[in-house]
Each structure stands twice: as C-alpha cells, then as structure tokens.
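Participant: Fit chain B to the given chain A structure using the hints.
Residue numbers (this note's numbering), protein chains in the order written: chain A, 1 to 513; chain B, 1001 to 1325.
Hints are not guaranteed to be accurate.
[Unchecked claim] Below, simulated BS3-like cross-link-like pairs (lysine-lysine); rule was C-alpha separation at most 25 Å, straight line:
1) A:K76 - B:K1178
2) B:K1184 - A:K146
3) B:K1307 - A:K136
4) B:K1093 - A:K137
5) A:K324 - A:K455
6) A:K136 - A:K115
7) B:K1184 - A:K115
8) A:K215 - A:K281
9) A:K178 - A:K123
10) B:K1184 - A:K76
11) A:K136 - B:K1178
12) A:K119 - B:K1093
13) A:K122 - B:K1178
14) A:K137 - B:K1307
15) A:K23 - A:K123
16) B:K1093 - A:K146
17) B:K1093 - A:K136
18) A:K73 - B:K1184
19) A:K215 - A:K23
20) A:K137 - B:K1184
21) B:K1307 - A:K123
22) A:K73 - B:K1093
23) A:K76 - A:K187
24) A:K115 - B:K1147
25) A:K136 - A:K178
26) A:K178 - A:K137
27) B:K1184 - A:K380
28) A:K122 - B:K1184
These are calculated hints, taken from the structure and not from any lab test.
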Amino acid sequence: MALKPAIELRNITKTFGSIVANKDVSLTVDRGEILSILGENGSGKTTLMNMLAGIYFPDHGEIFINGEEVVIKSPKDSFAHGIGMIHQHFKLVDVFSAVENIVLGIEEKGRYNLKESAKAIKKICDAYGFEIDLNKKIYEMSVSEKQTVEIIKVLYRGADILILDEPTAVLTPHETSKLFNVMRNMKKDGKSIIIITHKLNEVLEISDKVSVLRKGVYIGTINTADADESILTEMMVGKKVDLNIERADIENKEDRLIIENISYNNREGVNILNHVNFTAKSGEILGIAGIAGSGQRELLESIAGLRHLSSGSILYNNAETGEKENLRDKTPLQIREMGIRLSFVPEDRLGMGLVANMDIIDNMTLRSYKKGKSVFVEKKAPTDLANEIIEELEVVTPSAKTPVRRLSGGNVQKVLVGREIKANPKVLMVAYPVRGLDINSSYMIYSLLNEQKEKGTSVIFVGEDLDVLIELCDRIVVISSGEISGIVDARNTTKEEIGVLMTKGRSADSNEK
Amino acid sequence: MVVAFIQRAVVQGIPLLFGSTGEILTEKSGNLNLGTAGVMYVGGICGVIGGFFYEQNAAHMNSFLAVLIPLLCSIIGSAIMGYIYALLTVTLKANQNVTGLALTTFGVGFGNFFGGSLIKLSGLDVPSITLSKTSLCFKTSLPFADKLGVVGDILFSYSFLAYVAIIIAVVVSLYFNKTRSGLKLRAVGENPATADAAGVNVERYKYVSIILGSIIAGFGGLYYVMDYACGVWSNDGFGDRGWLAIALVIFAIWRPNISIFGSILFGGLFIIHNYIPGLGMGTQELFKMAPYAVTIIVLVIISMLQKREFQPPASLGLSYFREER
Chain A
1 MALKPAIELR NITKTFGSIV ANKDVSLTVD RGEILSILGE NGSGKTTLMN
51 MLAGIYFPDH GEIFINGEEV VIKSPKDSFA HGIGMIHQHF KLVDVFSAVE
101 NIVLGIEEKG RYNLKESAKA IKKICDAYGF EIDLNKKIYE MSVSEKQTVE
151 IIKVLYRGAD ILILDEPTAV LTPHETSKLF NVMRNMKKDG KSIIIITHKL
201 NEVLEISDKV SVLRKGVYIG TINTADADES ILTEMMVGKK VDLNIERADI
251 ENKEDRLIIE NISYNNREGV NILNHVNFTA KSGEILGIAG IAGSGQRELL
301 ESIAGLRHLS SGSILYNNAE TGEKENLRDK TPLQIREMGI RLSFVPEDRL
351 GMGLVANMDI IDNMTLRSYK KGKSVFVEKK APTDLANEII EELEVVTPSA
401 KTPVRRLSGG NVQKVLVGRE IKANPKVLMV AYPVRGLDIN SSYMIYSLLN
451 EQKEKGTSVI FVGEDLDVLI ELCDRIVVIS SGEISGIVDA RNTTKEEIGV
501 LMTKGRSADS NEK
Chain B
1001 MVVAFIQRAV VQGIPLLFGS TGEILTEKSG NLNLGTAGVM YVGGICGVIG
1051 GFFYEQNAAH MNSFLAVLIP LLCSIIGSAI MGYIYALLTV TLKANQNVTG
1101 LALTTFGVGF GNFFGGSLIK LSGLDVPSIT LSKTSLCFKT SLPFADKLGV
1151 VGDILFSYSF LAYVAIIIAV VVSLYFNKTR SGLKLRAVGE NPATADAAGV
1201 NVERYKYVSI ILGSIIAGFG GLYYVMDYAC GVWSNDGFGD RGWLAIALVI
1251 FAIWRPNISI FGSILFGGLF IIHNYIPGLG MGTQELFKMA PYAVTIIVLV
1301 IISMLQKREF QPPASLGLSY FREER
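Chain A extracted, bound-state conformation:
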C-alpha cells in the first residue's frame, strides 16, 4: 500500500495587510525524504513554514498530515502533529542549560526531574551522533552548539517532521557537513525533513526534491536528480541570471588608504588585530577574506573611527591636497569634518546601519542632520534622496515613510547601501553586503560596487563567498586570527589558495570557536 505523504499543503495563502506572503502554495513531503524549499529573499519560505509551526495561521488552504486534514493554531498543535521547526533565529533561553531548554514546554507525565530527562536526551544524542555538553548554559555556546540543541529539542519531543530554516547560514563548511550527516541519519530513521535555503550547492547535495517559491507564489517541485544550478536559478528568479560578475580594469590607481601596522585589543584585553598592513587603492575593489570572527569587523570599525587602536596608523591619502592624514583615534564626526568622505555599510544593518523603527526618509537624515543652518531638520533633500534610492535600486516598500524594520532583508540592505553610495564616498567599506540577499539583489549590489570603483572610489569588500570575492575583487587580503596571512591578485588566484591562507596560523582546535 502506498504511504500517504507525511505533509501535504494545498493552496495555502497568507497575507499581511496588503502584502501577499504566500499565494496558493501546494507541496508534499514523504517519509524519509528531504525536501528543499528554495526561493529568493522575501519569497515567503519562512512564512510558509511558520504556518506549519503554528506561528502564523493561513488565510486559506488546507494542511494534511499523514493524509488527514489538520488545523494548526498554535505551536502546541504543531508539536502534537509531530512537527518541529528549527528557526533561523534560535528560540533558546540564554540563561538556561541545554537540558532546561530541551524540556521546556513538554508535557511529560511524572515528576519534574532534570537528571532523568538528561539521560533520555543523551540517548537521542548517541543515536544520531550529536556531541554536546547538556549542562552547558546556552550563552556559553557557539552557534553550532546552539543549533544542535535546537535539533535535539525537536527530536526529544518526538518530531517526525523537521523543518530547518536556513540552518547552514551560520555554520562553517565543516559544521555544515556534520549537520548534513545528522540529517542523513534522520532520513534513514524515516523522518521527513524540510530545509529552507538559498544555497544551490546545498540543495543539490542534501535534498531529494526541491520546491521553488517566487514572490510567495509556488513555482513547482522537481527531483534533485533532474536538477542543476541553472534550472533551479531559472525557477527561482524567473529569468536566467548572468553568473559572471563584471570586473573592469581601472587605470591610474593611487594609494588611498594606507593601513600601517595596526593592532587592536578588545575590552577583555584579547588581541584581535595583530600588526595589520595593507593599502587600499582608488579604483579598485579590495576584498577581505577570512573565517568569520577573524577580526574583519574590528578592522572596518577601526577605520571608521569606532575603535581605539593600540598601535599603528591609518593614513588617508587626500587626492585634493596631496597630504596624508592620520585617521587613527578620530571619531566618525571628526573624520567627516576633515572633509574625508568615508562610507561604511556594517554587517549589523539594523543595529548599526539603520534605525529599524524610523522610516526611510528619517534614516537618510542620519547622514545629513548636521547640514543646514536652521534649527529644524532639513527634510526636502532626504525625502528626494529616499525616493531616488527606492526608484533606482527597486526597493520594494509601500512608501518612503515605511519603517525600515517592515522591509525584507534585501530591501533593508538596498536602503543602507544606497544611502552610503549617494554620499559620493572616496572610501566605501562594505561588510557582508549580500548576506541573506537573493541572487538578483546580490547582483545589484555588485554592480553598484563596480560603479563606485569606476568612479575612482576605493572599495573595501568583506565577504564570505570565495567565488564572489574572486570574481568581483581586484585584490584580496586574507585575514586569519587577526593577522594578514596573504594578499593575492584576484585575477590569478584559486579558492584553494585563499582557503589555505584563511586557515594559516590557526591551530585545529581553535577552528571550532
């Protein structure tokens, strides 16, 4: 007898106000099967899965589990049907231990006894090959450990259907392969797994079937065996995207920013940057590659005037005056008053880059509020600027007066990058500008950076995707444990070469940190 599918969605529709997040989505997952849900940012993948997890309730449509129609009104109902979702932002209580987090919300018979629970949890860990200290507090854990706790949590609840929302976004390649092994073990055990992702290589590696969403609309499902990158990309974006990033050669480069021997210790006294030297030139994109947390963030923030260095200097070669000015220990305001146009797109977009609760126009004024002589804030120019950015960069927003927190990740980034570029920078620093962005938005960001480069701006690009770094940048600085392990010519390098430099000077055990 043919088994009923573990999950079947029929014509699911969900709207938020006037925004349609999901429209007539239908898909099925069988037992012992891994389904990828692929889609650009804001295509409604997470919203769809949240309806299975009981966070949202669909406006229309039916959900069937093992062939029976169900109504999922709350996370509790969702558990009752054996669904467990691992959210992108972990739902863990920081001051609780792993065990406490795992037993939270479970209605077990018998006395509340953490030690007994820990034993039962240990069994699950052994069965699937998880390695974790169950008594460790969450706030002491690494991202990968937290994710492990999340997965154990849903397994402990007896979930047969696991939903993972972009699980690899925060993992190193090594951790990703560990996760995939666990997923294969679970599949063998007859569990159904849905993985949300926009990394094509992972889709091809791990899943049996792929369902594609585009702008909330269900495009189709194909077997992974029949798919390749170009087919999937086409389904995802609706048109074939040119995978080649353009790169122009600029003549007459001059040294713009000269980083000399800088070192930085953080508040705990740990050395983060150690004698870093490099030069960023005008008319080039200088890539910075490295394992996450190798000091990239601190490096950019030091240049932007947000951190105090313990030694070294940051020299700005002013093309107009021909003088070299030291930016070390200057505040962002002082740097601006020196007439140096330095733009910075930080990785923390809504924390450091934009104010989430303010609308697009007010976020524009953050850069210009010092201008003008009146006591009132000049509103006309920022309004024009906001509208210009919305139009040019195709920002999807109801209006310029919408708080940026309501926008999706890609659109937030467009607003931020747009604002920084419109300041006509001489030096433009961007950190992970395409993180969490879909392919189309990513390419738009790349072309904006190229445009700046052609204008003679010195662009510093911190990235994580080596393919992008190699195709986009002119030179790549590789940073490892806060030290420069090499500077390579992007036109004549390989991923392997950079990979080796990234891990140089790092012992094997500190790699996990």
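Facilitator: Structure of chain B alone, referenced to chain A:
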C-alpha cells in the same frame, strides 16, 4: 535591646518581603510592575475597609472571620490592581513603566481617599482609624513563644502573616527552580518568543504571575496596617515601603529565598537609627538612606561580576508581540 531590635527589624521587613516576593513573581514573567507601591496601598486599605465594616456591624466578633474578611478584601483589591496592570501591559501592550507609575499614583490616592472616607464615617476627631480588635486577631502569635525565652522571642513571637510571608517566599523560590511550570514562567520572562514557540501560553503565564504577585504584594500592605501599625490606618502612613520592596528585588537578585534575609536586613537598616543613641535629626535621615545605598552597592557588584544568572530577566519591561517579524 538586641532582641527587641531583631524583632522590630523582622516586623519592619515582613511587608517588604511580601512586596518583593510579589514583585519577583511578576518580574519573572517579564513585567516590571512599578505599581507595587500602589498595589500594597490598595491591599492595605481594602483590608481596612473589610475589617472596619465587620467591626462596626458584628455584635460578637468571631476572630476567624475578623481575619478572613480583611484578608479576602485585600486579595480582591490587589487582584483587581494586578488585573488592571496585566490588562494594560499584556493585552494592550502599554508601556510598563508608565503603567506602573500611574498605578502607584492611583493606588496611593485610592488608599487615601477611602482612608479619609472611613475616618469621616467613624466620626472621630483623630485623623486615623483604629481597628484594635481586628488587629488583635491578626496579631495572635504562637502560644508557646513566651515559654522559650530569647529563642521564642526571636523566632516564634510574630503573627501568622509573618510566617505566611516566609512560607510564600520559600514556595515561590521552589516553584521557580523545581517545577516544570516554574521553568516555563522563567522562559516567558527571559525570552517570550521562545516560550511561545515551545507551546507555553505566554499571556496566561503573565496574567497569572502578575495577579498572584499583586495579591502577595497586597498582603504586605495588610500586614503593615494590621500588625506593624496595630490596626491604625493613617493616610500616607505606609510611606515609601513599596519602593523599598522594589529595591529589595534587585538586592535579592530576583531570588525570593535571598529576599527573606534581605527583607530583615532592610528592615533593620530602616530602623537602626532608633537604636543608635545620640543621633541628631540629620544623621537619622542619613541612616534611613542605608537600604537604598546598599541596593546601589549590590547593583554595582552584580554588574561587575557580569554573571548572566544575576541579571534581571532578559525581557523585563518589554511587551511581547507575536506576529512581529
């Protein structure tokens, strides 16, 4: 002298213990109820209202009813205060600080209004109401206390509400750490989104802990009038004990069991100026600052320790919106 000091310190501390235990229970759900001072006022005056009418109308006072009626009135009054706060902050997501401060102002005004009304009803010339008979019932202490000498004086000479305060503090402490429901409540205060995703009914936990917390805090007001003040209600007599209770929450780093000792310490610090001979008025006032100064010192110390377990519940003071992305 020392025994008397300890006794007075305990009696001073018990209203604070009620207040802080109630506030801790509330704060563990992520709600900072700055209305505790008002809640304690209401808890006190409602007990007084109940006791007043019973004393006025009953021909023969039954000591059981004389305790039960004020107790129930106090519970109803504080529960309504808690419900108002919960409705505003949990359901309507109003700002917790503003709501709490408004509730304090309201509670104090409510207490003074009805206090004044009762004073008028009683037709006496003094600006206070005295419920000496009711107070006597409340103050019944353990019969064997007198026979145990100093030990009896220090440990067993108090009225039943004092022991209730300690029992509640211990029970609440055990509830937090030893029960499944306590784990859920702490999760709600730390990270409501997580608790919600884990299937915990966040609103219900908040409501229950706010209302129960208010009732417990209200007992502090009742104890103050019936025991400490010997049944005498005078307007504004309760003073700023409500704020002291909130300070005690910080001092006890959100642990009711620490609060038991903290309350006695605070009680002692609050009255120590009476026991040091030769203090001038000015110096006395300086000594009254002691509990607050100690709280600040504790705050500095726990900030320096940077231990996450000593920090307030992570979502304290924040409203929880489920549908927000």
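Participant: Take the C-alpha atoms of K1184 (chain B) and K380 (chain A), compute the straight-line distance between them, and say whether it is at most 25 Å.
Facilitator: The given pair, whose Cα atoms are some 51 Å apart, is violated under the 25 Å limit.
Participant: Just to be careful, I want the Cα atoms of K137 (chain A) and K1184 (chain B) compared with a cutoff of 25 Å; is the pair within it?
Facilitator: Holds, at roughly 17 Å.
Participant: Holds or violated: K115 (chain A) with K1147 (chain B), Cα cutoff 25 Å?
Facilitator: 46 Å, violated
Participant: Sort out whether K137 (chain A) lies within 25 Å of K178 (chain A), counting only the CA atoms.
Facilitator: The hint holds at about 22 Å.
Participant: K324 (chain A) and K455 (chain A) were given as a pair; does the straight-line alpha-carbon distance stay at or below 25 Å?
Facilitator: Holds, at about 21 Å.
Participant: Given the proposed pairing of K1307 (chain B) with K136 (chain A), does the C-alpha separation stay at or below 25 Å?
Facilitator: OK: K1307 (chain B) and K136 (chain A) at ~14 Å, within 25 Å.
Participant: Hint check: K1093 (chain B) vs K146 (chain A), CA-CA at most 25 Å. Holds or violated?
Facilitator: 30 Å, violated
Participant: Run the distance test for K1093 (chain B) versus K137 (chain A): straight-line Cα separation, threshold 25 Å.
Facilitator: 31 Å, violated
Participant: Does the alpha-carbon distance linking K73 (chain A) and K1093 (chain B) stay inside the 25 Å limit?
Facilitator: 22 Å, holds
Participant: Holds or violated: K1184 (chain B) and K76 (chain A), Cα atoms, limit 25 Å.
Facilitator: 14 Å, holds
Participant: Is it true that the CA of K122 (chain A) sits at most 25 Å from the CA of K1178 (chain B)?
Facilitator: 21 Å, holds
Participant: Given the hint that K122 (chain A) pairs with K1184 (chain B), test it: the Cα-Cα distance must not exceed 25 Å.
Facilitator: 22 Å, holds
Of the numbered hints stated above, those contradicted by the structure are hints 4, 8, 12, 15, 16, 17, 21, 24, 27, listed in ascending order.
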